[in-house]
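Just need the whole structure built from these sequences, with the hints factored in.
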Amino acid sequence: MPGVDFLIAGLVSVFVGLDRTAVLQVMVSRPIVAAPLTGLLLGEPAVGLQVGALVELLWLGRLPVGAAIPPDDTQVAVGATALAIVFQGPLGLTGLAPSVLCTLVALPLGRIGQAFDRWARTRNGELLKRALDSLDAGQLEAAEKSHLLGLSHFALASLATYLVIIGAGSAVLLLFGSPLLQLVDPAKGWLWMVFPLVGTAVILGTINVSRSLTLFGASFTSAFLMLWLL
Amino acid sequence: MAPSKLPAAILLRVLLRSFILQASWNFERLQSLGTLYVLAPALRFYYREEELALAYRRHLEYFNTHPFMASAVLGTALALEEKRSRGEKTYLEVKEFKGMIMAPYAAMGDALFWGGIRPLAAGIALFFAVKGSLWAPVAFLLLFNLPHLVFRVAGLFGGYRLGLKVVELIQARRLPDLAIRCKEGTVVLLGCFCAYLAFISLHGEGVRAAWGLAVIPAVVLVGWLVRKGVSTLLLVLSIAGMILLAVQLNQHLPAWVGGDWLKF
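So the sequences go chain by chain: A and B. Heads up: the first sequence begins at 1 in the working numbering, then just goes up one per residue. Heads up: the second sequence begins at 1001 in the working numbering, then just goes up one per residue.
Careful: at least some of the hints might be erroneous.
To be verified - Keeping only pairs whose Cα atoms sit at most 27 Å apart, straight-line, the calculated DSS-like set for lysine-lysine is:
#1 B:K1095 <-> A:K129
#2 B:K1095 <-> A:K145
#3 B:K1083 <-> B:K1005
Said to hold, decoys possible - Here are the in silico distance ranges between beta carbons for each label pair:
#4 A:S222 <-> B:L1249: 30 to 38 Å
#5 B:R1208 <-> A:L156: 51 to 59 Å
#6 A:W228 <-> B:L1092: 57 to 65 Å
#7 B:L1234 <-> A:D133: 41 to 49 Å
#8 A:R111 <-> B:E1061: 32 to 40 Å
#9 A:S222 <-> B:H1252: 34 to 42 Å
#10 B:I1010 <-> A:R118: 29 to 37 Å
#11 B:L1146 <-> A:L63: 16 to 24 Å
#12 B:H1252 <-> A:A46: 28 to 36 Å
#13 B:A1172 <-> A:T94: 52 to 60 Å
Hint data in this document are derived by calculation from the structure and do not stem from the laboratory. Since the model is a prediction, treat every value here as computed from it, not as a measurement. By construction, the Cβ of each residue, glycine as well, lies at the ideal position given by its N, Cα and C atoms.
What follows is the structure, given as structure tokens:
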């Protein structure tokens, strides 16, 4: 049932969303983990693996340094996986094409996540004021506990991003799913290659290694020639 | 009576709390409220009443560093608080120490963990993912978290045990050099990964393998556009659009125009 699938994926979205900044940061929030986890819980781990591989490198170079907030690739991965699993039946196609299509639909919506993340951090500023007021009132324990309320802001931000991706993504797929899939299906092999290649280019453009082009060119050429000759 | 060493149970609570250091991350003072939350069990052990309130205020000052490097800073802060509670003098106050060390540690942590180990682990995991193996997320989590968790746990205990000397210890580890090695390893790995991906994709599409070598200038061009500030999203969507258009044209044009020129 789509409702149950979306609900399970929603719970995953909150859990992995918290890992992005607020809790643990053991990187279950990375698309290569979050998407297969969603797929596994929805009974289609292969779909999650495909989505995770497509999304993983794209925004990996955008570092959460200082006040910088990268686009929410975690929710893109969870949302695209849920959409692909739920819609692959009604759209009449399995395999790579629904994963690629749903990732393409979900990707632009990941930018929305930055706004929700900013909202969570702004609301957390109020917690700081609250803690300072509690200290003025001599309530030390209350000051300390204000910190934990920040978890609810981050959880809400993750859930909101997920809901936007699922809501808008479902609308697009319901309205234009079949024609879009007919467009994507014959190109799925090329698109499957392009996503990680663009991600690699983005990393090369931002990684700040002096000999990056030489190293990349040498390793690519030697590996490619070896595969070709063997 | 001056407090003795922190009991292991309190140190363990501090360690567990350090995993939610950023729960209240905000634009005003970044990790400050989190710092107070992490250190609170130890501060309650060292101080009472007015002294405790002052200690709480001390740690609500602006603070921001890399979340994994924060363990070492907070461990050292505990050692300094312990000395202060005993009335011992240190050549750096806890506030000064945190202020001095947070920016360089943040830079080191960002370069090593976000810029070095994470892309390297992702690159290795992607080989598994492309092969359709569910070992991909497992490999990623293991490769990333082994150094991460060791650093977090050893950082807190080491900082607490060594005090200010932990700075020398971390310096001796030459983390910036390690970060550069990780980044170089990532570039080499991604080169091999792209070669493998291009090879199997072209083979799957029935295109001559020699066209795979065109991937290098294409990747360099996209990398250059990224450096020029073109957004990743725009690049992905526009390249995907061009591919969709090219495939449609190839399907609908007569064979002698669009057909098999890639395949000879």
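Structure-based check of each hint:
Between the alpha carbons of K1095 (chain B) and K129 (chain A) the distance comes to roughly 20 Å, so the proposed pair stays at or under 27 Å and holds. Among the hinted pairs, K1095 (chain B) with K145 (chain A) is consistent with the structure: their alpha-carbon atoms are about 22 Å apart, no more than 27 Å. Only pairs whose Cα atoms come within 27 Å are accepted, and K1083 (chain B) paired with K1005 (chain B) is accepted, the gap being roughly 10 Å. At roughly 34 Å, the beta carbons of S222 (chain A) and L1249 (chain B) sit within the given window of 30 to 38 Å.
The hinted window of 51 to 59 Å between R1208 (chain B) and L156 (chain A) holds, with their beta carbons roughly 52 Å apart. Range check, W228 (chain A) to L1092 (chain B): Cβ separation about 60 Å, and the 57 to 65 Å hint holds. Between L1234 (chain B) and D133 (chain A) the CB atoms are about 45 Å apart, so this pair conforms to the stated range of 41 to 49 Å. Roughly 34 Å separates the CB atoms of R111 (chain A) and E1061 (chain B), a value that falls within the hinted 32 to 40 Å.
The given range of 34 to 42 Å is respected by S222 (chain A) and H1252 (chain B), whose C-beta atoms sit roughly 39 Å from each other. The hinted range of 29 to 37 Å is satisfied by I1010 (chain B) and R118 (chain A), whose Cβ atoms lie roughly 36 Å apart. A C-beta distance of roughly 21 Å is found between L1146 (chain B) and L63 (chain A), which places it inside the suggested range of 16 to 24 Å. Distance hint check for H1252 (chain B) and A46 (chain A): the Cβ-Cβ separation is about 32 Å, which falls inside the suggested range of 28 to 36 Å.
Between A1172 (chain B) and T94 (chain A) the C-beta distance comes to about 55 Å, which sits within the given range of 52 to 60 Å.
In summary, this structure violates none of the numbered hints.
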